[in-house]
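Assemble the whole structure, with the sequences as input and the hints as a guide.
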Amino acid sequence: MNNRIALTTIVIREVLRFSRIWLQTLLPPVVVTSLYFIIFGSLIGPRIGQMGGIGYNEFIMPGLVMMAVITNSYSNVVSSFYSSKFHRNIEEMLVSPMPNYIILLGYTLGGVARGLMVGVLVTLTALFFADLKIEHPWITVTIVILTAMLFSLGGFINALFAKSFDDISIVPTFVLTPLTYLGGVFYSIDMLSPLWYKLSLANPVLYMVNAFRYGILGVSDIDITAAIALIGVMVLAAFGGALLLLDRGVGIRS
Amino acid sequence: MTRALSIRNLQKVYGNGFQALKGIDLDVEQGDFMALLGPNGAGKSTTIGIVNSLIGKSAGRVEVFGMDIERQPVQAKSCIGLVPQEFNFNIFEPVEEIIINQAGYYGIPRREACERAGIALKRLGLWEKRRGSARELSGGMKRRLMIARALVHQPKLLILDEPTAGVDIEIRRSMWAFLTELNNSGTTLILTTHYLEEAESLCNRVAIINNGEIVEHGKVSELIGKLDVETFILNIREQLDEAPILGDCRVSLVDSHTIEVEISRQRSINALFGQLTAQGIHVLSMRNKVNRLEELFLRLVKDSK
Numbered sequence: 011m012n013n014r015i016a017l018t019t020i021v022i023r024e025v026l027r028f029s030r031i032w033l034q035t036l037l038p039p040v041v042v043t044s045l046y047f048i049i050f051g052s053l054i055g056p057r058i059g060q061m062g063g064i065g066y067n068e069f070i071m072p073g074l075v076m077m078a079v080i081t082n083s084y085s086n087v088v089s090s091f092y093s094s095k096f097h098r099n100i101e102e103m104l105v106s107p108m109p110n111y112i113i114l115l116g117y118t119l120g121g122v123a124r125g126l127m128v129g130v131l132v133t134l135t136a137l138f139f140a141d142l143k144i145e146h147p148w149i150t151v152t153i154v155i156l157t158a159m160l161f162s163l164g165g166f167i168n169a170l171f172a173k174s175f176d177d178i179s180i181v182p183t184f185v186l187t188p189l190t191y192l193g194g195v196f197y198s199i200d201m202l203s204p205l206w207y208k209l210s211l212a213n214p215v216l217y218m219v220n221a222f223r224y225g226i227l228g229v230s231d232i233d234i235t236a237a238i239a240l241i242g243v244m245v246l247a248a249f250g251g252a253l254l255l256l257d258r259g260v261g262i263r264s
Numbered sequence: 231m232t233r234a235l236s237i238r239n240l241q242k243v244y245g246n247g248f249q250a251l252k253g254i255d256l257d258v259e260q261g262d263f264m265a266l267l268g269p270n271g272a273g274k275s276t277t278i279g280i281v282n283s284l285i286g287k288s289a290g291r292v293e294v295f296g297m298d299i300e301r302q303p304v305q306a307k308s309c310i311g312l313v314p315q316e317f318n319f320n321i322f323e324p325v326e327e328i329i330i331n332q333a334g335y336y337g338i339p340r341r342e343a344c345e346r347a348g349i350a351l352k353r354l355g356l357w358e359k360r361r362g363s364a365r366e367l368s369g370g371m372k373r374r375l376m377i378a379r380a381l382v383h384q385p386k387l388l389i390l391d392e393p394t395a396g397v398d399i400e401i402r403r404s405m406w407a408f409l410t411e412l413n414n415s416g417t418t419l420i421l422t423t424h425y426l427e428e429a430e431s432l433c434n435r436v437a438i439i440n441n442g443e444i445v446e447h448g449k450v451s452e453l454i455g456k457l458d459v460e461t462f463i464l465n466i467r468e469q470l471d472e473a474p475i476l477g478d479c480r481v482s483l484v485d486s487h488t489i490e491v492e493i494s495r496q497r498s499i500n501a502l503f504g505q506l507t508a509q510g511i512h513v514l515s516m517r518n519k520v521n522r523l524e525e526l527f528l529r530l531v532k533d534s535k
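From first to last, the protein sequence lines stand for chains A and B.
To convert, note that position 212 of the first sequence is 222 in this note's numbering; the numbers rise steadily by one, no gaps.
To convert, note that position 173 of the second sequence is 403 in this note's numbering; the numbers rise steadily by one, no gaps.
No wet-lab data here; the hints were simulated from the structure.
We treat Cβ as the ideally placed atom computed from N, Cα and C, and that holds for glycine.
Some hints could be false.
[Unchecked claim] Sample of chain B residues at the chain A side, in silico, Cβ under 8 angstroms: (1) Ser308; (2) Pro314; (3) Asn318.
[Stated by the list, open to error] Take a look, some chain A residues computed to stay more than 10 angstroms from chain B by CB distance: (4) Asn12; (5) Gly65; (6) Met108; (7) Ile199; (8) Asn213; (9) Leu254.
What follows is the structure, given as structure tokens:
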């Protein structure tokens, strides 16, 4: 059994899937981000002035890219895997000799691929509105990949437990969106009162947005080493948890 | 020779407490074409699901070509091809891609997968449809797509769960010819079907399952030999108001020109005709009420209730 071929098959299938429906998967984040830049960056931004010592347009740019990466990597895996359960074509993989970790890795890399593709498109869009100079390229790339992996795995776990299409929209709407909006995309947490500042530190998205912002702009509200370590640990924990659920057949085997 | 499939004391209790399998034993020899028969809810699909690792078992052991499905899952799964009862492919994917991807899940390189997909599609008459999405296929074509997909990794054991359900007679006949050819080339086949005629004409062995237990298992010819009574439908020239009395045969009037006769296999049909002639009744035509396997099946299922 050649696991590399099996893994490549899933990843190619996933990339083809979201590429075929690019109007639903790749274009919307570009449109939404453009609107954010026009409204918050160009219209309201100049009145806000500087944030964290830099122009507001530049300040929100990393957060908007990260927001698109998080949303798209999550929704790619949750919708693709749940659809496979719904149409029962998940059985194609379950009857095959491919080990469960390959299935999990394949879906995760598919989610990472969409997250990164959307991230690149949003970044290119951002160039129309803000100057871009990446201060720490390796940190930027590491953070964006780890974040895309983490939310792809989150989407996978969500899809395992989901029993209806409602179940795959609850987490993105009621958990992911608030965490992202309150994760320092549009503001520095230094602006917050002590209570909200402490509460914000419990939000994992804050560490991803700030670490990514550090990679691009060289400024951050939090310690970068701690942020990278935290995200890395969360990725490992999510992978282990998802694999355990998959091995136990949660949501896929009677 | 190692058995293609060996099942021992297989049990399944679902989460709601329903016991679908009550400790079945079943052997399928290499090269067999076996029919797994049973009424709805008897445990056929549960058995197939467990063999294919789609359903977890509660107890027992399953070996495929001597390999335990839990201890040697990679080797065991590589030997099996499954054609499930319900369509289980992504209807939005192109037909060819469904088969190529399936080959990929079995570790077959893409170039070889494309070649094998092409052969399978041509063999099953789907070559012209290969670029279109699967949702554009007719019901019969979708069934054939699932057979092509199940064969792409060249399994030694092919399991088909009601492959001819809902397809027209012409396609069903061509599928029978295809499956017979496959069996003749050395592939072991297990078939579940509700068409007993299909099982009788295709398979050399039969297992009948009811209420989670195997109630009969053996060669088709041997099982049919166990049938002690056959039921015939006789068309009569004369108009009858009541069923004639024919010794110890059970006779019932279907309509004024048709009677149904249950006759013991030990009894001569000539004697029956003699009795009818003596009563001035002339038989215009005669046929089995159901085919012999169906008769046996109905009796076994009725007895095991």
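Hints versus structure:
| no. | hint | in the structure |
| --- | --- | --- |
| 1 | Ser308 | 5 angstroms, holds |
| 2 | Pro314 | 7 angstroms, holds |
| 3 | Asn318 | 4 angstroms, holds |
| 4 | Asn12 | 4 angstroms, violated |
| 5 | Gly65 | 44 angstroms, holds |
| 6 | Met108 | 5 angstroms, violated |
| 7 | Ile199 | 43 angstroms, holds |
| 8 | Asn213 | 36 angstroms, holds |
| 9 | Leu254 | 15 angstroms, holds |
Of the hints listed earlier, those the structure fails to meet are numbers 4 and 6, in rising order.
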